[in-house]
Structures are given as structure tokens and as C-alpha cells.
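Engineer: To convert a position in the sequence shown, counted from 1, into this note's numbering, add 435.
These are calculated hints, taken from the structure and not from any lab test. Heads up, a few of these hints could be off.
As the list claims (entries may be wrong) - Here are the simulated lysine-lysine pairs, BS3-like style, with alpha carbons at most 30 Å apart: (1) 528 to 699; (2) 590 to 528; (3) 590 to 488.
Stated by the list, open to error - Label-pair ranges, simulated between beta-carbon atoms: (4) 693 to 609: 41 to 51 Å; (5) 597 to 510: 22 to 32 Å; (6) 549 to 480: 17 to 27 Å; (7) 648 to 693: 34 to 44 Å; (8) 648 to 696: 39 to 49 Å; (9) 463 to 487: 30 to 40 Å; (10) 470 to 599: 25 to 35 Å; (11) 587 to 696: 42 to 52 Å; (12) 666 to 466: 35 to 45 Å.
By construction, the Cβ of each residue, glycine as well, lies at the ideal position given by its N, Cα and C atoms.
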Amino acid sequence: MPHPLVTPEMIETFQRDGVVLIRGLFADHVETLRAGVAANMAAPGPYASDNRKEGHTGLFFDDYCNWERIPEFREVIETSPAAEVAAELMQSKTVQMFHDHVLVKEPGTSMATPWHQDGPYYFVEGRQTVSFWSPLDAVSEATLRCVAGSHRWEKEVLPTRWVSEEGFFADEGQYMPVPDPEAEGMRIVEFEMAPGDAVAFDYRTLHGARGNRSTARRRAFSLRLLGDDARYVERPGRTSPPYPGHDMVPGQRLREDWFPVLLKR
436 MPHPLVTPEM
446 IETFQRDGVV
456 LIRGLFADHV
466 ETLRAGVAAN
476 MAAPGPYASD
486 NRKEGHTGLF
496 FDDYCNWERI
506 PEFREVIETS
516 PAAEVAAELM
526 QSKTVQMFHD
536 HVLVKEPGTS
546 MATPWHQDGP
556 YYFVEGRQTV
566 SFWSPLDAVS
576 EATLRCVAGS
586 HRWEKEVLPT
596 RWVSEEGFFA
606 DEGQYMPVPD
616 PEAEGMRIVE
626 FEMAPGDAVA
636 FDYRTLHGAR
646 GNRSTARRRA
656 FSLRLLGDDA
666 RYVERPGRTS
676 PPYPGHDMVP
686 GQRLREDWFP
696 VLLKR
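All chains, please: the whole structure from these sequences, using the hints.
Structural biologist: Here it is as C-alpha cells:
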């Protein structure tokens, strides 16, 4: 039987559309995650960015790969139902940790999160991947937006740098240009969400978010997990996250001492 938070219809939707809403996934962990985000912002990691862009207002802070040094994040990863739900959605016997990601848009932040797929930035490939994006504040306008079915596109979207808008890799020929989903009439899925709800989406799902023009903060915690078929792959340049010195080779499962297995069934 599926986990109580997941129905067969939700699994079918995730497989078909590459995105589904999980109500209350982190509902019991909101205050813990808020404390973790505060600790993260007080002591940013080496990959942190405030995404300052000329002509824009507000602050868009993001940082990733901090779960091993921020105990609140580790606690939620190890005690929440995220791994069990991920296994159901991916239809995977194993769930492996990849990384965490914090994204905070302070009130009056005009910068949008650009349309992108996560997969092309990463050094992993596979059909069994899932990201959970969970707001720690109620959201409507600044919620996550996903293009249904984009995880099935034959060609991946060019990864870009969010501030400069330049291509992330020198070799761009293998990627398609970043589309404009609204202008091109694509089906955009978005949800009004309560703190602790989570959008689950495939690494290849095109997604983005508007700026936060409200008077309230928009804190979000993301968790990236891997399934049975995820394997290391080389990209045309330095990936994000880079994980220097990992010593993995193409086709290898990610090393479990760096990327622990959270669930095996």
C-alpha cells in the first residue's frame, strides 16, 4: 500500500506530468526547518548567493548542500516521511540523498526564479528522481510553477546562470534554448500552498517562480532525492553543485558515503 500521504492517482500524475502536490509532507517540521533556514542565512555556506541583479529590488537568498552541518535539516531529512513518499512517487526500491537547497525571497523581491530544469546542472541522470519544494510561509503568487510533461522532452533545456543569464556550460549545442512557457501556451501547474506542503517534481521538469512582491517573507526548503536508476554522468563543465574530489566515473551509482541511502525496501 502507498504511504498515507500518497494515492495511486498522485503516483500516476507524477509519472505522467512530472509534478504533483503533496499536502502536509513537512507539516510537522515547519518550525524546525524555519530554524534551519535562519541558521543557514546567519552562516551561509560556500555556494550561497544573494542573487543581486541590477535594477531589481529586495533580496533573493539561496544556498545548498548544508544538511550535514545544520542539524535541523538533518533531523527533518531523517525523520520526515519524505524518503517514503519519494519511493512511492519514483516507484523505486531505494531512496538516496542528493542535496538540500534553501531559497528565500524577502518582501518586495522583484527577481523571478528563471525557468529551468534542475537535471542539466547536476552530474546525475535517471528516470527516478524527485525534488520536494516546500514553502515555510503561505504562498500564492510566489509559489513554484512547473510545466507539465516537460520531463519527457527529448532535449534538455540549456542551464543558465540566474543573474548574468549566460549559459552554464561552454558547449551549448546539446541543449534547447530556454522556452517562454506562457508565450508558447504550455500547461503551467501551480498551487496555493500552506507551510509544510510540498511540490514534488522530476529533475527534468521545467520550473520557475515569480518574485515576491508581497509584504511577507517567502522561505522555501528543497530536498533532492535519487532512485534506483540514478547514475553519475559527466557534463560539459563544472556542475552545480560541484562536489569537488568525488572521484566517481560515468555510469556509477553515487557513492553512499557522500550521498547516503535513506530508504531501502
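Engineer: If you check each hint against the structure, which ones fail?
Structural biologist: Numbers 4 and 11, in rising order.
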